Amino acid sequence: PQGAVLLLAGALLVDGGTGRRFFSIRRGNGCRTSLRKRTSLRELSGGGEEVDRRDRDIQAAEAALHNMEAQYASMRMKKERLEVESQNTLAEINDGDEESLVRFTESIDSRSVYVGNVDYGVQPSMLETLFSSCGTITRITIPQGVKGPKGFAYVEFVEEGAVEQAMQLNNTSINGRALNVLPKRTNKPGVRRGRKAGRFS
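Using mature numbering (1 follows the signal peptide of the UniProt record, and there is no 0), the letters of the sequence shown correspond one by one to residues -19 to -1, 1 to 182.
No lab work stands behind these hints, which were simulated from the structure alone.
As the structure is a prediction and not an experimental result, all values here were calculated from the model.
Incorrect hints may have been included.
Claimed, not checked - In silico SDA-like cross-links for lysine to any residue, where the CA-CA straight-line distance does not exceed 25 angstroms: (1) LYS128 with GLU109; (2) LYS59 with SER154; (3) LYS59 with GLU31; (4) LYS131 with GLY97; (5) LYS131 with LEU150; (6) LYS59 with ILE121; (7) LYS59 with THR119; (8) LYS131 with ILE118; (9) LYS131 with SER113; (10) LYS165 with THR122; (11) LYS131 with SER106; (12) LYS131 with GLY102; (13) LYS128 with MET107; (14) LYS59 with ALA44; (15) LYS128 with THR86; (16) LYS128 with GLY97; (17) LYS131 with THR119; (18) LYS131 with PRO164; (19) LYS128 with THR117; (20) LYS131 with ALA44; (21) LYS59 with ASP38; (22) LYS128 with ASN156; (23) LYS131 with TYR95; (24) LYS59 with GLU137; (25) LYS59 with THR110; (26) LYS128 with ASP100; (27) LYS165 with GLN146; (28) LYS59 with THR86; (29) LYS128 with VAL103.
All chains should be built: construct the whole structure from the sequences, respecting the hints.
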């Protein structure tokens, strides 16, 4: 009847077949009704799984941050090294000492390799990927002509021993072309390369 107060008694039950939990409510009139809540047993125990997932996410983020910091430190050291080398080069040039400049050039060339038969579509990053296992790369140069790349490159390392390692990559193919890897030769002032004078009969 209208205005009557219903006495409710409830109990939390679990369906053994589905793992779903629900509330069984007994009304004052003796009728029973069930209010299902869409929460499975697996969901009830999911709090720990959620914490574990968040811990894994935090650990992954910390590892990524550590990797980025290491890369930044490496790039900073490389930048500082290049700045020092540039300052040394400028000092040699400003001194006007040709012999000192030649020695400086020879020092760089002793740590560099010539890479011939380079496909015109090859980028410096591709050469860096190939030669990075040989040593610390300081500079990669692909000379350009009026119509584009000239088809060869120079790779400069920090360590002289890297040149021997780079030589092992001779005949390695990039973009379908076998590279010619040779030690870089120093061009000395007043010395010209070319064929010997004379004619063939």
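Each hint tested on the structure:
no.	hint	verdict
1	LYS128 with GLU109	holds, 24 angstroms
2	LYS59 with SER154	violated, 28 angstroms
3	LYS59 with GLU31	violated, 42 angstroms
4	LYS131 with GLY97	holds, 10 angstroms
5	LYS131 with LEU150	holds, 21 angstroms
6	LYS59 with ILE121	holds, 13 angstroms
7	LYS59 with THR119	holds, 7 angstroms
8	LYS131 with ILE118	holds, 21 angstroms
9	LYS131 with SER113	holds, 23 angstroms
10	LYS165 with THR122	holds, 12 angstroms
11	LYS131 with SER106	holds, 17 angstroms
12	LYS131 with GLY102	holds, 11 angstroms
13	LYS128 with MET107	holds, 21 angstroms
14	LYS59 with ALA44	holds, 23 angstroms
15	LYS128 with THR86	violated, 28 angstroms
16	LYS128 with GLY97	holds, 18 angstroms
17	LYS131 with THR119	holds, 21 angstroms
18	LYS131 with PRO164	holds, 18 angstroms
19	LYS128 with THR117	violated, 31 angstroms
20	LYS131 with ALA44	violated, 42 angstroms
21	LYS59 with ASP38	violated, 32 angstroms
22	LYS128 with ASN156	holds, 20 angstroms
23	LYS131 with TYR95	holds, 13 angstroms
24	LYS59 with GLU137	holds, 13 angstroms
25	LYS59 with THR110	holds, 16 angstroms
26	LYS128 with ASP100	holds, 14 angstroms
27	LYS165 with GLN146	holds, 14 angstroms
28	LYS59 with THR86	holds, 20 angstroms
29	LYS128 with VAL103	holds, 15 angstroms
Violated hints, listed in ascending order, are 2, 3, 15, 19, 20 and 21; each of the other numbered hints is respected by the structure.
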